[in-house]
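*Asks:* Now for the letters of each chain:
There are 2 protein chains.
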Amino acid sequence: MELSKAGLTHAAIVDAGVAMAQETGLESLTIGTVAERVGLSKSGVFSRVGSREELQVAVLSEYARRITERALLPALRAPRGLPRLRTMWSSWLDWVRDEKLGSSCLFISGAVEYDDRPGPVRDAVFAGLAEWRRQFARAVRQSIDEGHLRPETDPEQIAFELFSIILGAHNDIRLFHDARAFTRARAAFDRLLADIAVSG
Amino acid sequence: MELSKAGLTHAAIVDAGVAMAQETGLESLTIGTVAERVGLSKSGVFSRVGSREELQVAVLSEYARRITERALLPALRAPRGLPRLRTMWSSWLDWVRDEKLGSSCLFISGAVEYDDRPGPVRDAVFAGLAEWRRQFARAVRQSIDEGHLRPETDPEQIAFELFSIILGAHNDIRLFHDARAFTRARAAFDRLLADIAVSG
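Chains as they are written, first to last, in this note's numbering: chain Z, 88 to 287; chain P, 88 to 287.
These aren't lab readings, by the way, just hints derived from the structure by calculation.
Keep in mind that a hint or two might mislead.
Computed, partial: chain Z to chain P, Cβ under 7 angstroms [what the hints assert, rightly or not]:
{"hint": "1", "residue": "V199"}
{"hint": "2", "residue": "F247"}
{"hint": "3", "residue": "S251"}
{"hint": "4", "residue": "L254"}
{"hint": "5", "residue": "L262"}
Covered stretches of chain P (in silico footprint by chain Z; criterion: 3 or more residues with CB under 8 angstroms from a CB of chain Z, positions within the stretch not fixed) [claimed, not checked]:
{"hint": "6", "stretch": "166-179"}
{"hint": "7", "stretch": "248-255"}
The following residues of chain Z were derived to be distant from chain P, with all beta-carbon distances above 12 angstroms [to be verified]:
{"hint": "8", "residue": "G94"}
{"hint": "9", "residue": "E141"}
{"hint": "10", "residue": "R153"}
{"hint": "11", "residue": "L160"}
{"hint": "12", "residue": "A162"}
{"hint": "13", "residue": "R173"}
{"hint": "14", "residue": "D181"}
{"hint": "15", "residue": "R184"}
{"hint": "16", "residue": "R204"}
{"hint": "17", "residue": "Q222"}
{"hint": "18", "residue": "I252"}
All of these numbers come straight from a predicted model, not from anything done at the bench.
Here a beta-carbon is modelled for each residue, glycine too, at the ideal position from N, C-alpha and C.
If we strip away everything but chain Z, and leave its shape as in the complex, we get (with noise of 0.2 angstroms):
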């Protein structure tokens, strides 16, 4: 695919934008600041991603863009069931671990900087953090149909559960600087796998 120039500086001008947000949250980013680092005019930044909210939105989309890219999507092409759950949480994992020291999930923070806000901002993360809730269930209950989690399961509170363990990890990297973090998600993991599992 080939980028127009225009769509060139619009793709530079949200991907300074997703790097400002990782560094010091949404919250902090405005069309002065992003067009500073980029090199361009406020107007010139104006004109091509629209107001600050806009541009907050924009940031999101492409970072949820890049997590669908390089987490969700690889994950899905594991085997479904268990397979593919484990993988899809792993890599989940990985991308809060993966990102380097000093930034945070975008949706993961942007849920507590914009959860009393109403808005479009908070309105896409909570789509964003909607959907993984939604992929984590599917896979809970593709694995019930496939026979390896029991029929009994709950998908819904699974899907809860193991959020759960990727905020706790994200906390403990992120504020404590904790690396046992990976160590203790996993076993929170494994344990609650062990406990739905159709035994043998």
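Based on these hints, arrange chain P on the given structure of chain Z.
*Replies:* Structure of chain P alone, referenced to chain Z:
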């Protein structure tokens, strides 16, 4: 305890700061906005609490005092072992639930707001959450000593998992406005406890 007029003013400033931080985040707290809320001049607030950062730390310290008084101390009166661990965890979940809608737990939201910004505010958030983790780990250790939990149980691991469930519930209430969060959090807690409890 009788408070001097100066003490009362200081308490009123910090109280207003706690309320504002719960509504719009620690980051939104400035000497100016708090001054307006309590009807003092900016210099009047500054002379009593110091810099903006000192105000934020004072707000976190008062918030921690309230959690300790209303959630932690009552839990510590429960019988040592599993009853105390259950009460302690429920108290924290209730604390997250009882906060009025649109307000967050300052430590949970503060963790995301300040995890990448070294300084006294981050240190205060770190200290507050680390203290809860220590209390959980201690209650788990005592439950092992009392013969309520299996001897091979890892207290730090369980403290991590208990905390993760609270984070999950906080997210589902604040962002998703999903009242099922509490039932799910309790189900996750019960399953975890069932895994590590000494049966019979």
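*Asks:* For each hint, tell me whether it holds in the structure or not.
*Replies:* Verification of the supplied hints:
1. V199: Hint holds; V199 (chain Z) Cβ to chain P Cβ min 4 angstroms, cut 7 angstroms.
2. F247: Cβ of F247 (chain Z) sits 5 angstroms from chain P, so the hint holds.
3. S251: 3 angstroms, holds
4. L254: 4 angstroms, holds
5. L262: 4 angstroms, holds
6. 166-179: violated (count 0)
7. 248-255: holds (count 6)
8. G94: 31 angstroms, holds
9. E141: Given a closest Cβ separation of 21 angstroms, the condition holds.
10. R153: It holds; R153 (chain Z) is separated from chain P by about 20 angstroms at its closest Cβ, greater than 12 angstroms.
11. L160: It holds; L160 (chain Z) is separated from chain P by about 25 angstroms at its closest Cβ, greater than 12 angstroms.
12. A162: 21 angstroms, holds
13. R173: The claim stands: R173 (chain Z) keeps its Cβ more than 12 angstroms from every Cβ of chain P (closest is about 18 angstroms).
14. D181: 17 angstroms, holds
15. R184: R184 (chain Z) clear of chain P: closest Cβ-Cβ about 15 angstroms, beyond 12 angstroms.
16. R204: 8 angstroms, violated
17. Q222: Label holds. Min Cβ-Cβ 16 angstroms, cutoff 12 angstroms.
18. I252: At about 5 angstroms from chain P, I252 (chain Z) fails to clear the 12 angstroms cut-off, so the statement is violated.
Violation of the numbered hints given earlier is confined to hints 6, 16, 18; the remaining hints are satisfied by the structure.
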